[in-house]
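J.: Sequence:
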Amino acid sequence: MDLLGQGDFKLHYGGAWRAPAASAAIEVRSPATRNLLARVPEAGEPDVRAAAAAAAAAAPPWAATDAGERARLLRQLAELLRQRMGSLAEVESAVTGRPIREMRAQMSRIPEWLEYFAGIILGLEGETNRVKGGFLTYTALEPYGVCALLTPWNHPILILVKKLAAALAAGNVCLIKPSELAPVSPLILADWCVEAGLPAGTVNVVTGGAATGRAVCAAPEVQRIDLTGGTETGKRVASDAAQRLVPCTLELGGKAPVLVAEDAPLDEAVAGAAFAAFVAAGQTCVSATRFIVARAVYPEFVEGLAARAKRLRIGDPADPATEMGPVISAAARQRCLDHSASARAAGATLVAGGDAPPGLPPAFAEGFFVAPTVFADVNPQMRLFREEVFGPVVGVMPYDSEDEAIALANDTPFALGGAIWTRDVTRAHRLAAAIRAGVVWINDHHKNDPRSVWGGWGASGYGKENGWDALKSYLKKKSVIVRTNAGFDDWFAGGSRYG
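So the sequence shown is residues 91 to 589, counted in this note's numbering.
You may find that some hints are simply not true.
[Stated by the list, open to error] Dumping the calculated DSSO-like pairs for lysine-lysine here, alpha-carbon to alpha-carbon at most 30 Å:
no.	residue 1	residue 2
1	K562	K537
2	K566	K400
3	K325	K562
4	K567	K554
5	K568	K400
6	K537	K325
7	K562	K222
8	K222	K554
9	K554	K568
10	K537	K554
11	K554	K566
12	K566	K222
13	K554	K325
14	K325	K567
15	K222	K568
[What the hints assert, rightly or not] Label-pair distances were calculated between CB atoms; the ranges are:
no.	residue 1	residue 2	range
16	A435	E217	55 to 65 Å
17	K400	E217	56 to 66 Å
18	E217	D514	25 to 35 Å
Quick caveat, the hints were computed from the structure, so don't treat them as lab data.
No experiment lies behind these values; they were computed from the predicted model shown.
Using N, Cα and C, we set each Cβ at its ideal position, and we do this for glycine too.
Between the sequences and the hints, there should be enough to build the whole structure, so can you do that?
T.: Rendered as structure tokens:
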């Protein structure tokens, strides 16, 4: 199935492909070759209004649909995705530049989110209480209605489905604005939702840049916003939402610390570090960027990580042997190179990479490739320690005491992910409690599951994905209070009950 074969895409809302109101379009090019892959519309305000209206029209009947029927449709969508995940992986790899091996592995997990939320929605229960004065109270859970999902380019389908599955299971409809850098697979997914039997208007996608995103967030039909993106974007979305008193979930930037204790099995820790740093070319919010290593094993760790970085196979994302592809854009590549230059100037020791990888075939000469880069002897005053790179450039530093390691790990405004490598179970739990992060791995990194709650705080945003927390965040709780006494206690006729 050649999902990129149609070349020019339309918008998808109200259950069908829709021509945009204007002719402005965005070119989607391969970050590996710069070849043109597709064009998508630059949706304007008329397009957003039309898509929001389609979503609003679909909201009441979808909210009224029995939870079991919603679950059945989500499972149908999961099965359709399972059948087509190979084709979807090829699209994701071509558009993002991530190796096909990575994307096949990631796509194999996507149906699990739909199946999980289809399952737990059936277990959602309200509460009842008999309270003082002869009253019965019970709670009712209601969907918000139209939810805006603003999704990033680094995991176009994974992050979208994480949000979409919870929102739809709860009875909401969705107005989606994907990143302009990777908008193709969300459009395809919207079409597949119709094919799977979801009612027209439950899943709507408008493509475009920042102006389209602002129009989506400002649409009066939108009653909840869920964004994964950069911290500055999150601040703007939160501010705009606050003006309308619309709740948000914001999954933003990160600067994940990895603590390596002296008792950690070094081969495992180095292999885990390479994965944590360089999977997705370092372009995830929880990528390991600050390795804080016990001084006793520091030299061996630096040497091992540098060796692993130098051995990574870099090149064609479509080749199953490729282990790391390009970063997403020229701006991303320049940011990585700027961080490398800054670290050198500040006195860090370059032990691997630092520039474009050598020896790429001519077909990839225009691609945005950056060699896996490792700096040793980094300190907290350096830009590489403090700022999010969002690319394959990492720093390593030693520590002499547990307190120092914790202080270094927490010396950041971000609080999304972190990891600990140790075989001491008491140390593992002690450090996990002390690290300021919403997700902490012990002896691993990056692992995710529909049941594993995900989200941070501080500059990393707020709110949670995955698990019951995500499902309940897409529901409003209403309290209903019923008088069970036979007679009404008339206050102005001398009644005694005030509150």
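J.: Decide, hint by hint, whether the structure agrees.
T.: Hint check results:
For the hint linking K562 to K537, the alpha-carbon distance of about 23 Å falls within 30 Å, and the restraint holds. As the CA atoms of K566 and K400 are separated by approximately 51 Å, the hinted pair breaks the 30 Å bound. The hinted pair formed by K325 and K562 meets the criterion: a straight-line CA distance of about 23 Å does not exceed 30 Å. Between K567 and K554 the alpha-carbon distance is near 17 Å, which keeps this suggested pair within the 30 Å criterion.
Note on K568 and K400: the hinted pairing is violated, with a Cα-Cα distance of about 57 Å set against a maximum of 30 Å. As the CA atoms of K537 and K325 are separated by approximately 27 Å, the hinted pair is consistent with the 30 Å bound. Among the hinted pairs, K562 with K222 is consistent with the structure: their alpha-carbon atoms are about 28 Å apart, no more than 30 Å. Pair hint K222 plus K554 does not hold up; C-alpha atoms about 35 Å apart against a cutoff of 30 Å.
Of the supplied pair hints, the one linking K554 and K568 holds, its CA atoms being roughly 21 Å apart against a limit of 30 Å. Among the hinted pairs, K537 with K554 is consistent with the structure: their alpha-carbon atoms are about 16 Å apart, no more than 30 Å. A C-alpha spacing of about 15 Å is found between K554 and K566, which places the hinted pair at or below 30 Å, so the restraint holds. For the proposed pair K566 and K222, the alpha carbon gap of about 25 Å is at most 30 Å, so the pair holds.
Restraint check for K554 and K325: the C-alpha separation of about 17 Å stays at or below 30 Å, so the hint holds. This hinted pair checks out: K325 and K567 have alpha carbons roughly 26 Å apart, not beyond 30 Å. At roughly 19 Å between alpha-carbon atoms, K222 and K568 fall within 30 Å of each other, so this suggested pair holds. Between A435 and E217 the CB atoms are about 60 Å apart, so this pair conforms to the stated range of 55 to 65 Å.
Between K400 and E217 the beta carbons are some 58 Å apart, a value that agrees with the proposed interval 56 to 66 Å. In this structure, E217 and D514 break the distance hint of 25 to 35 Å, their C-beta atoms being roughly 42 Å apart.
The structure is inconsistent with the numbered hints 2, 5, 8 and 18, although it conforms to all the rest.
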